[in-house]
Every structure is written in C-alpha cells, then in structure tokens.
Amino acid sequence: MGAFRRAPPHHRHRGVRLGAPCPWIGPVQVQTLPKRGFWARNQRRLAPWLFLAPGIAFFLVYVILPVFQSFNLSLYEWDGLGAKEYLGLRNYEDLYWEFVDRDAFFISLKNNLIWLFLYLLAIPGGLFIALFLNQNVWGIRLYKSLFFFPFVISQVVVGLVFAWFYDPAFGLLNVALGWIGLGPINVLGDENLVTYGIIAAGLWPQTAYCMILYLTGLNAVDPEQIEAGRLDGAKGLRMLWHIILPQLRPATFIAFVVTIIGALRSFDLISIMTQGGPFGSSRVLAFYMFEVALSEYGFRMGYGAAIAVVLFLIMLCFIAYFLWSMWREEKGH
Amino acid sequence: ELTGDLKIFLDTSNPAPRATMEKMIADFQEAHPDLNIETTVIDREAYKTQIRNFLTANAPDVANWYAANRMKPFVDAGLFEDVSDLWAEAEIADNLASTKGAMTIDGKQWGVPYTYYQWGVYYRKDIYDDLGLSEPTDWDSFKANCQAIVDSGKACFTIGTKYLWTAGGWFDYLNMRTNGFDFHMALAAGEVSWEDERVKQTFANWRELIDMGAFIDNHQTYSWQEALPFMVQGDAAGYLMGNFAVAPLREAGLTDDQLDFYQFPAINPDVELAEDAPTDTFHIPANATNKEAAREFLRFVVSADVQTEINNGKNLGQLPVNAASMVDDDKFLNEGFKMLSSNSPGGVAQFWDRDAPAEMAKVSMEGFQEFMVKPDNLDRILAKLERARQRIYK
Amino acid sequence: MFPRPIEKSTPAARVAYKTLLPVALLFWLLPLLAVAVFSVKPDADFTSGNYWGWPSSFEALNNYGKVFFASDMPRYLLNSVLITVPTVIGAVALSTMTGFALGIYKFRGNLLIFFMFIAGNFVPFQILMVPVRDLTLEMGLYNTKTGLVLFHIAFQTGFCTLFMRNFIRALPFELIEAARVEGVSEIRIFRYVVLPLMRPAIAALSVLIFTFIWNDYFWAVVLTQGAESQPVTAGITSFNAQYRAAYHLMSAGSIVAALPPVLMFFLMQRHFIAGLTLGAVK
Amino acid sequence: MTGLILNGAIKRYGEVQVIHGIDLTIDHGEFCVFVGPSGCGKSTLLRMIAGLEETSDGTIHIGARDVTQLDPAERGVSMVFQTYALYPHMTVAENMGFGLKMNGVPRAEIKQKVSEAARILKLDEYLSRKPKALSGGQRQRVAIGRAIVRGPEVFLFDEPLSNLDAELRVEMRVEIARLHQEIGATMIYVTHDQVEAMTLADKIVVLRAGRIEQVGAPLDLYRDPDNKFVAGFIGSPSMNFLDGQIEGEGKVAVPALSRSISVPASLCSGTGAVTVGLRPEHLELDQSGSDAVVELTEALGGVSYAHLVCAGGEKMIVEERGDHRTRVGDRVAVRFDPARAMLFDAKTEARLR
Amino acid sequence: MTGLILNGAIKRYGEVQVIHGIDLTIDHGEFCVFVGPSGCGKSTLLRMIAGLEETSDGTIHIGARDVTQLDPAERGVSMVFQTYALYPHMTVAENMGFGLKMNGVPRAEIKQKVSEAARILKLDEYLSRKPKALSGGQRQRVAIGRAIVRGPEVFLFDEPLSNLDAELRVEMRVEIARLHQEIGATMIYVTHDQVEAMTLADKIVVLRAGRIEQVGAPLDLYRDPDNKFVAGFIGSPSMNFLDGQIEGEGKVAVPALSRSISVPASLCSGTGAVTVGLRPEHLELDQSGSDAVVELTEALGGVSYAHLVCAGGEKMIVEERGDHRTRVGDRVAVRFDPARAMLFDAKTEARLR
Ligand SMILES: Nc1ncnc2c1ncn2[C@@H]1O[C@H](COP(=O)(O)OP(=O)(O)OP(=O)(O)O)[C@@H](O)[C@H]1O
Ligand SMILES: Nc1ncnc2c1ncn2[C@@H]1O[C@H](COP(=O)(O)OP(=O)(O)OP(=O)(O)O)[C@@H](O)[C@H]1O
Ligand SMILES: [Mg+2]
Ligand SMILES: [Mg+2]
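Protein chains in written order, with my numbering: chain A, 4 to 336; chain B, 6 to 399; chain C, 2 to 283; chain D, 1107 to 1459; chain E, 1107 to 1459.
The set of hints was computed from the structure by calculation and includes no laboratory data. A few of these clues could be false.
Simulated pairs of lysine to aspartate or glutamate, DMTMM-like, Cα-Cα distance not exceeding 25 Å [as the list claims (entries may be wrong)]: (1) A:Lys334 / D:Glu1401; (2) C:Lys67 / B:Asp48; (3) C:Lys19 / E:Asp1451; (4) C:Lys107 / D:Asp1163.
Some chain C residues well away from chain A (every beta-carbon gap over 12 Å; in silico) [unchecked claim]: (5) Arg5; (6) Val41; (7) Ala45; (8) Phe59; (9) Glu60; (10) Phe69; (11) Ser72; (12) Leu83; (13) Asp135; (14) Gly141; (15) Thr145; (16) Leu198; (17) Gly227; (18) Ala228; (19) Val263.
Note that the structure is a prediction, hence the values are computed from the model and not measured. In this text, a Cβ means the ideal position worked out from N, Cα and C, and glycines have one as well.
With the rest of the complex left out, here is chain A:
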C-alpha cells in the first residue's frame, strides 16, 4: 500500500518552477510531481480491478461456481450424508420418464408454463392501474403508494392472506360467491383450480410492481409527443396504442423480465399456501426441487440439482434475451 501514501513533503513541493510564475495568484508551483511509484503509474489500469475484487469474489463463490457445481451434482446420486454415486445422466433419464408418465416433473413443468403465461397478466393489469392513477388530484401520491403496497409485503403474508381468502369454510371468496348464488368452491383443494388460485395471489403484488414501473414510465413520456398526437387527432385508445405504448417500451421490457423471472422463481406462495398439494398438483419446478432436495422426505440432492438445471435452462432463454438487448443498447451508445 506504500504507493497510496502521499509523497513526502520535499517531493511534493519539489515543484519544478517552469515558466513564468503566474502573476495573478502569486507564485505557483506545478502542484505535485511525486515520484511515480508503481501505483501512480498504473492506477488507472489497476483501480477497476481493485474495486471489482471483493464483489467478484463474493459473486463467484456464491453464485457463479454454485451454478456449475449444480450441473456437476446433477450427475450424481447423493443424500447429503454418504458418498456420492456417479450416475451419468440417469437423473435426467428419470426426469424424462417422470415427464412421460405425467408424474410430478410433468406437473411441475406444466404448472410452470401456466405460471409463465398467466403471470404476464400482471403487465396489462399494472398498465391499467397505472393509467387509472396517472392523474394529478389531491392525495394521489398516497393512493399510488397504497396501490403499491402489496409489493412491499412478504409473499409469506400474501400467501396466508389469500389462503384465508380462499378458505372453503369461511373464506371471503365463498361468502362473496354465496351472495351471487354460487356454491362454495375449495380453490386450494381442487387440483384443477389450485394453480390458478395461487397465481391470482401472486398476481396481486406483481401487478403492483408493474404498476409502479408503468407509473414511472408514464412520467417519462414526452408531453410534446402527446401534444403532437392530439394535433394529429389521436385520442383515447388510439393515442395509447400509437403513441404512449411505444414510449413505454422500456417499462414494458423491464416488467416483462421481472415478471417472467418472478414466475419461474415462484416458491414462497406455493410453499405457504399448499405445500405443492393437493396431491402435488400445484407444484412448480422451483418447489419440486426444494421438496426433492431439502424437505423432510427429500434429500435426493442430485435429483434436485437436475431439476434446477432444467429450470436454469429455461431461464437461460430469458437471460440471453435480456443480455442481448442490453448489449444492443450498449453498442448503440
């Protein structure tokens, strides 16, 4: 670290007095000509690595390496206790058969797709609310924050709340259905409804998230373009479609990315609301893998890793898409 120390005083004011002293501010030395130590000579080249080192180290150890370890682990059978047994692709083969037999893996995958598609409803939903709230009336800021509220709460709480909402005996849903003369339904107990029920719960905070993204996006919409549109005779929906939405593309993009990722990562809600049930019909890959690897009846680490790898490969499509568009943007600059 010696290089960091300031040069000793006699060096500092060695100050080669070049040229005429600048008369306007009294004698001026060229500020410092410290001995050009290694650091001084190379600081611009070394500084970034110095700043990056801790971040990269952490990230490598905790994120990047584990991804590869998981790939590796998925080739083994391991219960977390004894020795690992090399299986080759057997875990994947098992997954394949589970898929063919429409077992847990198939259900998880299917549910993941349902999540993916339905979760995207958060985007139009968020846009709708954002449009509704993008006004300037008294107290609107408070309204905006309150609408955003669900996103701030833990999914655990959201899960509990919705579980009560759906409760077949006293849930508000059935009370409401009763009002309009429909029979009680047990959303979380019906294998055909359960996934949709959980997604609805997940859509609640996610819509709030998309809403805030769109609100910030709407803030950035160029008012002159709206005015140009008005002069051009675009109104209402046509204005929205032709002029506003194209400008909201960055917000839509981010909303899309976070929603997809949220859908693929979905774990908390399922774990809280149904534990994957009834009879495993609400599982998704993320939950299934946790169940297989770390739950009370699990500890098939290799198999869990294989599921994670499949999930990762799906996600990789989206990561690649995201990086690609970021790269394009970077190059564009």
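Following the hints, put chains B, C, D and E with the ligands in place on chain A, whose structure we already have.
Chains B, C, D and E with the ligands in isolation, oriented as in the chain A frame:
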C-alpha cells in the same frame, strides 16, 4: 465414575416435553456430578433437517430421533453407534423386548427408545350416546355407526391431509386390518406390488367409507390441527390420530366425559390386530466423543423409574417403553397400554412414513390424499405408486 | 400527461373519478384490510363464525400484546433486523465499488463482467440451493445469521451492480475527468467525487434491498432453522403452527411481520420509487 | 517559457485514425483557438493535450518538458469543460479548492488562492453556494475559477460557452478576453462559433478531418486564406464561390455572371477550372443590371442580406447597408473590386496566389 | 379567408395570469413572429392558438370559425415543436402520415401526400428511416413535413430552430422562408432569435410579460420603435442607451459624451430626464477626439465592434467597417447624425416623437 463433557441434542421443543427432558437430565447430572452436561434443544421441525448436518459436522454425544426406517439413512451412512451391547444387558433385554424390532437394522441395535404412544380412534362419546351408538367391534358395526352419524348430518371422522401424513395413518390401519401386519411391512419394504389385489382390497374398504361421506369435506386444505375444531364443535364425531391429539382436544374444552377412545376394529377376521405405535428414540452418534457417558445416559433413560416418571401425565403423557414401569393413571394411556400390550398380537408398526423409505412415503401419501379426494383415480394412483416402487427400491 | 388530466374534463367526471379512487383502493387492499380487522378481533368471533363482520370487541392491545410478549415473534423480528441491516450495508458497499469500476473505466472484459453480474442476478436461485447450502455448512455457518447475510450480500450484488453501474453511467463523465486533470487519485475520485453523488442511488437501493431481504423466505428456509437465527418470514410459519387456528393472533403476527418494510416504504417512498426508476426502467 | 509544441501527434481509436499527425507550436501567453466542423477532432486534440486521451503517436511538449506519457495532473494544465463539470455536492469555494486540497496544499493557502480567483471572477458573494443555485454564466465562471486556482501553465477550454444563451455568451466571451489579458497565460480554446474564434484568438487553428488546414491570426485567415475550405469557413455569411475558367492573360471567365474578370496575371498560369471566391461584404448591387434575381432578402436592421440566384442557377449572398435595399424579385447587377476576389484551384481547392 | 383573430385572449394558471388580454389580427398568408424575453408568454400564446392550452377568457377565430372551444385536431392548425416531437418508433413516412391515418384518410392518398411533402422538403431518400437515424436538420424537416401533410390553414412553430447548431440554423431559416413563399399559408412563429425574427417575419409581435409591446413589420420596429424596450430588443448589437437631460429648445444634454445634441424641438416639451438611444451602426469613431476609450475590439472580418467606456463610465458599442479599425486603448470621439438618435421618456420608457 463418569467425567468429561456430555453433549445432548434434543428436538423436544414444545414446552412440556422440554421441561420433562430438562428435569430428567438434571437428575442424571445429580447422579454424575463430575460430568459436564450440555443440552441443546432444537425446534422439532428444524431438527429433522439439522440432524443431517450435526451428525457429520459437530456431533453431540447423544441425540434423539425416531425408530425404524427413519433411522436407516443414518445407520447406512455409519453415523449412529451400534449399541447392541446395551441390548445384550439383561435389564434392557428383558424389559424392552417389545421395541427391539423397531431399533434393529441388519441384526444390530442402533439406539434405545424412550417413549411411544398408541394410535386409535378418539371419538365424541356424547355424540355416540345421543345417537345411541357404541364403540364398534367389527367392520360392519364400524360402518353402521358411521352411517348413522352421517345420517345425522355430521361427518364420522375429521382429518386434515394438507401435510399428507394423516392419510398415512388411515392407510396403516386399513391395510393392517385387511391384509395383516406382515403384508403391510412387506409393502413398506417394497416387496409387494401396489397393483396387487390385496392392496386393492384395502382401498376398496377405504372407499366404502369415502363414498359414505365419512370424512369431512375439504380435508386436503387443513393441517391436522386445523381439523381439530370440527371435532370440538361436534361437526365430526371421531378422529383417527395419535395420543398427542388428546392434549389439544382437552385444551379446547372437551372433557373426559365427552372424549373417548377405541381400538380400530377388525376388518378381516383372519388377520391378527396390529397397531401403530411410533417410538421416539435416543442414539449415540458415531462421531460422539464421550460414548461411555452416552451409554450410561441411555441406560438411565430406559430404566424403569425414569420411564415411569417422564411418561406420566404431567410430563410426556405417553407410554413408557420399559415393561417394569408404571403407566400413569390416565384414561387414554391406560387404554392404550392395555391395547398395545394385550390386544396387538399382529405386531406394532411405527407409522407409515417411518416404516417406508422417505421417498416412497412421500409419493404414496400423496396418492392416499388424492384417493381420498378422487377415489375414482385409484387405478392411476396405484400405477403411479408401482412405478415409484420400481424406481425407489432398486 | 396521459391519460388526459382529469382537471380538464367535466366536473361530473372529476367527481366520479374522485369517488372511484377510494372504492378501487378498498377493493385492491381488501385482503389486507381483512387481515387488519382479523388482528383486532377477539378469539370468540372466530369460534362464533363472525369472520367478516364487525369485531364484537376490539382486542388490539391484547392480541398484539400476545404476539410481542408471549411468542417468539420479537426474537424473529430481531433476527430479521440483524440479517437485513448488514446485508443492505454489505451489498450496497460492494456494489458501489463494482458499479464504479464498471461504470467509469474502459477495460477489456468490462462488459463481460457486467453481464456476469446481470446473468447471475437472474439465475433461478434454486440452482444455487444445494451448493450454497453445502458451502455454508462447510464454513460452519449453517443456521447462523452470518451465513445468511454472506449469501444475501453476494446474491444481491448482481442486482445492485446493475443498478449502480447504470446510475454512475448517467453521471457526467466530465466530473471524473475534471478531477483527474486536478490530480486526484482514482481512489479519492471514488471517495470524494463519485460517492457523494451516489447518495440518492444508495438511499434508493438501500430501501429496495431492505424490502427484498426482509421478505426473503426461500433462503431463510434453506440456510437457517429455528428461532435463534431465522428471520420473521420463516418465523411466521412456525408461529402459524404454534397457534394453529388462532386467526386473530396469526393476523396480528402477519401484520407485525409486514410492518417494517411497509414503514420503510412510507418513510422512504420517494427514494423507493426513484430507485425503481433509476435501476430498473433505465 | 511555457508554450506548447505538438510534434506529429496522432490519435487512433482502434483501427480508426482521427488525428493525423498534428504539428503545432503555441507560444507562451498566446490565445489559440481550434475551429473546424463538427467531428473534425478539435475536442480530441484538446483532450490529448490535457492527457485525458492517450497520444497514439508523436509527442507533446509543454514548456521544455515532454508530457506525452504523463498523467493529466502532472502536465500543469487546467481544463474548462463544456458542461462545466462542477461537483454538484461542493460549494463554489470547495469546487475551486478541491484540486489543491487533494494535493495536500495547506488550508490557508487554498483559502487565499480561492478568494483571489473569486475576486478576479467577481464570485466573492457566491463562495458558499452550491452550483445548482447559480446561473449558467456564474457556473461557467466557477469552472474557470477552478482552472485558475491551480495556476496552470496552459488553460484548455472545450466549447466553454456553448451551453449559454446568446446574450450570456457575448458577455462571457468578453470576460474571457479580459481574463486572458489579465493573467496572460497560454490558452487553448475549442469552439465552432465563428465570432468567438475571430474575437478571442491570437491564433486560429482551422482543423478538418483531423488535419490542420491553416494556422494564423484571425484577420490573416479572413484576408488571406490558404484554401477554399478556410475561406469558406471564416467569415459570416460565408464567402460566395463561383465556378470560373482561366482564359489566360489574367482573365478569368465567370459564367454565372456572364463576364470575365481581370486578375493579376501571376495567378493564371495555364488554363483550367478555378473557383472564384467573393465575400458578401465586398459585393455591391446595382438595379441597372440583370446578372441575377433577388430570391430572398433578410433585413436585420443596419444590414441586410440579399440572396441572389444567377442566370445559371448559382446562388450568392450580398450584404447591403445604408438605406437603399433591394427587394425580392429585383433584377440586379453584381459589382465588385476584382482585386478582392480570390481564386482557388478547382481541384485541389488551394488558393492561387 | 383563413387569417387569425385573437380577441382579448387571457390565460390564467390558477391564480396567476400570464397572458393579459391579447388582441391581434393576423392576415391570411402572413408570416407572423412572436418575440420577447424568456417567460413573456410566447409559447403559451401559441399553444392557446393550437388548442393545447385552454383559453381562460377571450376568443380565437381562425378564418370565420370561432375555435376557442375546439379540440386541437379540429382547428386546422399544425404545429412544429422545438424538440420536433417526432414519434421515435415510426419511420419518417409514418410520422408524416400519422395525422392523416388517424383521420381515416385512405392509404393511397396518404402516400401521395407524404411523398409530395417529402419532395418539397427533399426527404425522399429518408422516408423509411427512423428519426434517430437522421441528423438534426433532417429531423426538423420531418417535423415540418408532418405539419405540411395535413394541409392546415395555420402553421405554428415554437422555436423550431433553437436545437440546431448555428450553421444549420441559417440553412433551415432560409428553407422556412422559401416554404412560406411556396405554400403561402398563414404561419405563426415563436423565437427569441433576433435574426430569425427580422428575416422571416412579415409582422413581428413583441411581447413582454404577457402583453403586446408593439406590432409591426421588422424594419418598422427597427426604425421606429414605440418604446425603449422594443428599441433595445430589436437590432443587434443592441442600441446604446445614454442618460440625457432636456435643456429645452430642441437641445438634450448627454453627460456621457459631455455635449448636447440637437433634436427636433417638438420632442422636447418641458424639461426632464430622457434616455438617448443610439444604434451601434449609426455611430462613427474618430481618433481625433477623446469622448471615450476603446476597451475591447471584436473583429469579425468584414465588421468589427469597438467597446467603449465613456468618461463617466457608461459603456457603448460602435460598429466599424472598412479597413480602418481602432485598437484597444485608443481614445476616440464618437460622431453621429443627431437625426438618428431616438429619445425615450426616462420614466415611462415611451418613445418621444
Ligand atoms: N471513443 C471514440 N472511438 C472512436 N471514435 C471516436 C471516439 N471519440 C471520438 N471519435 C471520433 O473522432 C472524431 C473527432 O471527434 P471530436 O469529438 O474530437 O470532434 P470535435 O471536433 O470535437 O466535434 P464537435 O464540434 O462536434 O465537438 C469524430 O469523428 C468521432 O467520431
Ligand atoms: N403550467 C403553468 N403553470 C403556471 N405558470 C406557467 C405554466 N406554464 C407557463 N407558466 C408561466 O407562464 C409564463 C409564460 O411562459 P411561456 O412558456 O409562454 O414563456 P415563453 O415566452 O415561451 O418563454 P421561453 O422563451 O423561455 O420559451 C412564464 O412566466 C411561466 O412561468
Ligand atoms: Mg467537441
Ligand atoms: Mg417558449
């Protein structure tokens, strides 16, 4: 005289059992003043995963766990000490014979039990009395009772299958009563096909109850505790459960006059009655440092007096494992003890998720739950379980 | 502004809008309001089936008192604080540095490293589960708050770096050049020029990370167990088990668990929204 | 002396070369302005001198020192940026003293130097304000103050006034001229504003596409440009260019005006195409002829500009003063003193002289 | 005809009134320019005409129609914005055709109109590009094209050139003038650029603080301003103002020049303080006197400006042309034709005439 450190890990995190254990350890300490005992109590659910870590990483000298298949992974991984020597000692060999099987793998014993409890039907005696029913003694009276209850607008049985294992209890009883203990164990060990006619018979019996409307609706959304209020409020007349259900039922206000117990009646008169009686155990980790003190502690735990003390109604409120102990004077304990010691000729099972390997237990209990909701899916469910069996028991 | 400002439409539309707002909000927050009402109801209301009616008596003190003084809730809350605060500090510290390095310097591999952080940020974290758990075990940090904090810091660094780097990119580069011309060393440029300018970003990011971490459940379940180290999200589930069907206590517990991020959000609302704009939409 | 010498300075970005070997000497105390069209490399060259861009080839000397490899801080230069680049979180005084502080100058000395600079720039009242509480002109002054405080040998300005509005720009331009007179340091100034270049410079360097087209005093460039590019670039409105043809004997035919003009014979060696350059202010209109039609007039008050279209479609601009002005549609004759016309080689665009 | 009439137009933002009752008639085909200092309400007035701001009071007629309450799209106006406001996600052709498309014009007709406009504006090659692939000038042309395509009765421009650099600004200015000649529509143009106002306008409206100061043809405003504000605002460099004192009898004492000047007696009723206005281009310098010292000279080539300081510290700017120019430090006399001096009441600032 024992010296050194003795590290004990416990999962008895609920207040009552925790106090019981701490008292017992204090007594042990008194007898061995030079021993430095250190007790760690871990949350019961957490313990189930944490044990995998501490057995390898920093092993205590004593740890509690469960019998039968539940301890198999650790035995296989060489993480539990072989304590066959203890079981060779007369005191234990004589008095604990009934549980020896549950502690045995590969012909060796890997720990000692410290408590167990009966399963059976807890029911609302007042409702039975109102309807003029009495405890059933065979399958027909069982069904007839049930029909009467259903006709009165109630469910015969409450159950919450959200966490699956409660359905395992029903399967245990129906299968043991239909096909007998040995067949049940063979099924758990993967030796019988799930598509075997005998298995199907079990499910056919079960289906009779389901079709009758014996069980409460929407049980798949409740945990076992959430199913209790149905019984408390009189919407359901009975609960097939372990003895631990008694405490919350009493807490909820049911008196001993309202609450009663009967043994699950015979279905197939040709098979002997067998019971579920899950056993909780103590083990010495293979990596323990003070195994001598640990063995002494195990001896202490199973000794007749200690067993009497810790299992009494004020403490664990369960059954002592030592034949020489006294069973506390509690209505349910007495009935249970009597049932297990004299009316369970077929044998004593641990419980489905302890007798079957974890993975099979998980898949099958999911199937049971599905069956209870959608009995028509039986063939598909059994086919799936059969596939799982072929994969799991290689 | 789109849609057209409501002040410019007819008075009828204005009134309609202003009445619609609270109604819509009510519907939107209905589930939460229900929980809030649950939390002040007496136990008796549930046994008597009065789930959705007006509370027969207000038991807020009683219920919340039980949560605070007769359960592990305070313990869990404290854990959450002890996990969240160090994570926020750590992640923000690491990412200001990485963001600075990636935002200011042109060097080979810059974009590659940046993309590594982004890609890592979007990895399904389940794939990290088993190896990270083993790593934590090996380090002897399993079931410790430290273990959880270290992982959270590392994982959040991905997102934070993306955020910080974009923010720094938006700073005028001339500021750094001006400092270089004046002979300020790179480290001092970071300390005296860039860091003070990043204050809004740091504030925004802190709030964001705070809510992320506070609400984390998955990793809490994977890396910790039991009341001595689990955060409140995990705690609330065992709280659940502890109180079985005591809905009033569970509701009160949920509200208590949700409160800190909500408070944080309201206090720092501006930063929070700014944060989303800065880090995400850009 | 602390002049500045560039010797074959070259800048490459990867494959692309944007500065092609600049040789330039700037004397001590000189005010040198770089002008040229956008993208010609003015900023790049300035940043090479500052040390913010590495010099790919060639050398840069400041005074006697070769600074080509030195860090910006060690070159004894100060730079004023187009966007001012003030540190928004520091007060005016802190902004100005920051460089000194970071270099370990004692506090008292910093204070003294800052207040001296503030006095020169009339910033005394604002020393404890943050930049965002200042107007554009004041900010620009702070930026200059920050440069002054370090007492550099060379001041570098990169379009320092282009973010100001027209009125302030005039004011600050005068300010900078006064400052240069007062402190007499070497200054290098990049702009694309004609007026700034003409009024401030001792020496203008006209750049095109990374090369120097001409160096000289402002009026020398105006009166005696080396080539068509410089002639067209300096002076506003731009010089009119008409195609011409040497007819030998000091005669150049200008088809646009359908006549020939006489030029010194020395200029017309051989035959060939030339371009004739005529400044708007050297032309006069006369209603009596019909060389061209007035297409548009722009009256600015004291002066107006007539946009003409000649018979062949060529366009010209003529400055008119005084009270008589032509009107759109007028047919006019264009008169001028042939001695003021400039000739350029049509191919090489070099001035013929 | 499609002229435009404002009648007592008022704009209030809540409590604040920013436009105080404007009465203005713009004839069909006229090119009308709004000028005035920043914040005086030029844009607001233009936007009221466009219908983008509601008119709080008064009426606006376009042609014979009262459009005060109509939607922007129904008024038959087109607007060109300072930032162009092109739709970034549409191609040039789509941008230009968007308004027609929204009004349900058949596709073939749109196509034909767009290509017609593109021809006029020389945009044919760029029709399928997105705006971000265009230069500033091309974007501005697209914005104008978009306005043309809809064939409006009135064109509105809000500082359309202020985002362009100096050179392009000149070019586009000429373009707009040509366009006006070609299509002959009514145009209203907001700018704060002197030169644009003077060169483009048929009629200039000088605004100050939401009120009209004077309306007239450019040269009328230049030659015959109604008040000191207009006099100072029109003309560049600005008119020099010197304090004066009426001495009666057509004599005004000007202490700065230590002499009196004679003015028509009609102007000097009574005694009192006046302001004497002298345009830089009407002054001449003479080395023989010593009214003032040259503080700074700015030589722009054909013209230079001498900045003088008078004995009493007053500053003046004098335009010099021709070959003889003064130099810094010269002591000079200032000469002028007293008939060209203007007198303003020192208090009301109204022109005395
Ligand atoms: N980092 C870079 N990589 C590649 N080319 C560059 C880079 N920076 C500048 N250039 C190119 O170098 C040339 C000179 O750029 P420079 O900024 O010096 O022009 P300029 O004369 O200052 O123009 P302006 O008047 O617009 O500021 C331009 O053609 C530009 O495209
Ligand atoms: N929405 C508004 N609310 C209140 N006052 C406003 C609003 N919009 C403009 N103003 C005020 O109206 C006055 C006129 O503004 P306007 O934009 O028309 O000025 P301008 O002449 O166009 O100025 P510039 O030359 O800077 O564009 C200003 O004083 C401004 O502060
Ligand atoms: Mg430049
Ligand atoms: Mg304006």
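Hints and how they fare:
1. Only pairs whose Cα atoms come within 25 Å are accepted, and Lys334 of chain A paired with Glu1401 of chain D is rejected, the gap being roughly 46 Å.
2. Distance check on the hinted pair: Lys67 of chain C and Asp48 of chain B sit about 21 Å apart at the alpha-carbon level, within 25 Å; holds.
3. Under the criterion of a C-alpha separation no larger than 25 Å, the hint pairing Lys19 of chain C with Asp1451 of chain E is inconsistent with the structure, at around 56 Å.
4. Only pairs whose Cα atoms come within 25 Å are accepted, and Lys107 of chain C paired with Asp1163 of chain D is accepted, the gap being roughly 20 Å.
5. Interface exclusion of Arg5 of chain C from chain A breaks down, the closest Cβ pair being 9 Å apart, not more than 12 Å.
6. Every beta carbon of chain A lies more than 12 Å from that of Val41 of chain C, the smallest distance being close to 15 Å; the non-interface claim holds.
7. Residue placement check: Ala45 of chain C keeps its beta carbon more than 12 Å from all beta carbons of chain A (closest about 15 Å).
8. Separation of Phe59 of chain C from chain A is adequate, the least Cβ-Cβ distance of about 20 Å exceeding the 12 Å criterion.
9. Distance check on Glu60 of chain C: its Cβ is at least 18 Å (rounded) from any Cβ of chain A, clearing the 12 Å threshold; non-interface status holds.
10. Annotated as non-interface, Phe69 of chain C keeps its C-beta farther than 12 Å from every C-beta of chain A; the closest such distance is 17 Å.
11. With 12 Å as the threshold on Cβ separation, the claim that Ser72 of chain C sits away from chain A holds: the shortest Cβ distance comes to roughly 16 Å.
12. No Cβ of chain A comes within 12 Å of the Cβ of Leu83 of chain C; the nearest lies about 17 Å off, and the non-interface call holds.
13. Look at Asp135 of chain C: its CB is around 8 Å from the nearest CB on chain A, not clear of 12 Å, so calling it non-interface is violated.
14. Once the 12 Å rule is applied to beta carbons, Gly141 of chain C is consistent with being away from chain A; the minimum gap is 15 Å.
15. Against chain A, the non-interface label of Thr145 of chain C holds: every CB pair exceeds 12 Å, the least being about 15 Å.
16. The claim that Leu198 of chain C lies off the interface holds: its Cβ sits roughly 16 Å from the closest Cβ of chain A, which is beyond the 12 Å cut-off.
17. In this structure Gly227 of chain C is separated from chain A by more than 12 Å, as the shortest Cβ-Cβ distance comes to about 15 Å.
18. A cut-off of 12 Å between C-beta atoms confirms that Ala228 of chain C is not in contact with chain A; the least separation is 16 Å.
19. Here Val263 of chain C does not stay apart from chain A, with its beta-carbon only about 5 Å from theirs, under the 12 Å limit.
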